[in-house]
Amino acid sequence: MSTPFYVSPQQAMADRAEYARKGIARGRSLVVLQYADGIVFVGENPSRALHKFSEIYDRIGFAAAGKYNEYENLRIGGVRYADLRGYTYDRDDVTARGLANVYAQTLGTIFSSAAEKPYEVELVVAEVGSEPEGDQIYRLPHDGSIVDEHGSVAVGGNSEQISSFLDQRHRDGMTLAEALKLAVQALSREPGGGEREIPAERLEVAVLDRTRPQQRKFKRIVGRQLARLLETESAASTPTDAPSDAEDSDSSGADTGSASGSTEETGK
Amino acid sequence: MDFLSDQSPEMLPGNRSLPPLQGAIEAPHGTTIVAASFPGGVVLAGDRRATMGNMIAQRDIEKVFPADEYSAVGIAGTAGLAVEMVKLFQLELEHFEKVEGAQLSLEGKANRLSTMIRSNLAMAMQGLAVVPLFAGYDIDRDKGRIFSYDVTGGRSEETGYAATGSGSIFARGSMKKLYREDLTQEQALTLVVQALYDAADDDSATGGPDVARRIYPIVTVITDEGFRRLTDQESSEIARSILERRLEQPDGPRAALL
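Sequence lines, in order, name chains A and V. Position 236 of the first sequence, counting from 1, maps to 238 under this note's numbering, and the rest follow consecutively. Position 205 of the second sequence, counting from 1, maps to 199 under this note's numbering, and the rest follow consecutively.
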């Protein structure tokens, strides 16, 4: 019988983290931003049926990067948790903080259990408040830690570069069109420093809109509405005095918007 | 639902053990619910009274609830059980929608409610029946539809109009004479309030419009734009205009003899 090799716990954890990070990096990035009336989720997603963003409860939305089957599992778990809690107590007793804690427990347990492979997912749980100050955004990396984020957050493959780009440019009180434009700009940056165009058909956009009269604030933005928002962005982008290095990306982002907008119009 | 029954079955209606029965249980009962369809949608309305035996248990109970964006349910029968059943029904529809990413069909919703009523059969046999009326806008067929139920969960689709609860006999008679297929939305709203007035006129367990306390029927309308509950202002206007006419003609509008 052979004696198993000794692997230090540090090494084992580092290997698992590396494995999970690589899995997440294969997926496309997505961003979550606060804007004046709520929180917007923007990502590149060629599929219209397999969503990266979804509704968990009245004011809570969910975004995930990584392996679809794993985050879908977590999403359904989250919906169950929220619905059971809301039914048992009251709709107000379902909070993003509680949900983020449950996710952190799940991810953390699986990450540190030697028998299972770690989840290759990175989650964002966001809750929109009745005022901008009440907005909460939690980022949950693969290892089960929780990061309380403000303003903007990016997860997925190229997330570090994207979030530093967003941190520099995001400000409080942006309109939805402005926030969307910034998000598309951020997502279209290549790791090498180049740019590429993301057509509107490949964008998945959803909002948690605090001004929605319904109890459920989550809404997907698709089709004409998305095209319209991307178009207002191109009209609004002309007078903005953005930093000089962002000037190029501004115009390219605007082109993407107006081009896709017009195809949408002619298509109808 | 399955998850709930695995995790905490005692939360589900029908899973509680009952104490040995000593005579009929006295619990508040909700009374009359009426619904009528019109081209482009359906209206669902209910009076505001809950009774316990010969007593009025509550004057301003709410018995019509949105089930989801395109459907609503009105409840007659044991109020406590019925409200809980609606809560669970709402939860199930929302849960399905979130997990599957699509709404249940109207038919599917109606069937689900049928199963829930049937699971309450044991309680119904002890006098704690729940008999709802379900109405919704069918997006696939572009029309409003009404489903009525019996205590065993038997489901039947109604054409035109329907009523449930103790005053339903009088409400149905009233609508039978006043209903037409080409009603506008405003006329349909007036029709259901007329029917509730007639039910309250002859059934002691159904409450009429209470002008002194400003308690008016709950009136809801579901169209392709979704569920909408009339504001107190709107429903009081309908009730007051009916009341005014009834001061001259207490039995309400007369249908043609032939």
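The reader is advised that the hints may include incorrect statements.
[Stated by the list, open to error] The calculated EDC-like cross-link candidates involving lysine to aspartate or glutamate, where the alpha carbons are at most 20 Å apart (straight line), are:
| id | chain 1 | residue 1 | chain 2 | residue 2 |
| --- | --- | --- | --- | --- |
| 1 | A | Lys221 | V | Glu94 |
| 2 | V | Lys81 | A | Asp95 |
| 3 | A | Lys24 | A | Asp94 |
| 4 | V | Lys81 | A | Glu46 |
| 5 | A | Lys69 | V | Glu94 |
| 6 | A | Lys221 | V | Glu63 |
| 7 | A | Lys69 | A | Glu46 |
Hint data in this document are derived by calculation from the structure and do not stem from the laboratory.
Against the structure, the hints:
Restraint check for Lys221 of chain A and Glu94 of chain V: the C-alpha separation of about 16 Å stays at or below 20 Å, so the hint holds. Distance restraint check for Lys81 of chain V and Asp95 of chain A: the Cα-Cα separation of roughly 16 Å lies within the 20 Å cut-off, and the hinted pair is therefore satisfied. Using a Cα cut-off of 20 Å, the hinted pair Lys24 of chain A and Asp94 of chain A is violated, with the two alpha carbons roughly 38 Å apart. Distance restraint check for Lys81 of chain V and Glu46 of chain A: the Cα-Cα separation of roughly 37 Å exceeds the 20 Å cut-off, and the hinted pair is therefore not satisfied.
Note on Lys69 of chain A and Glu94 of chain V: the hinted pairing holds, with a Cα-Cα distance of about 18 Å set against a maximum of 20 Å. For the hint linking Lys221 of chain A to Glu63 of chain V, the alpha-carbon distance of about 13 Å falls within 20 Å, and the restraint holds. Of the supplied pair hints, the one linking Lys69 of chain A and Glu46 of chain A holds, its CA atoms being roughly 15 Å apart against a limit of 20 Å.
The structure is inconsistent with the numbered hints 3 and 4, although it conforms to all the rest.
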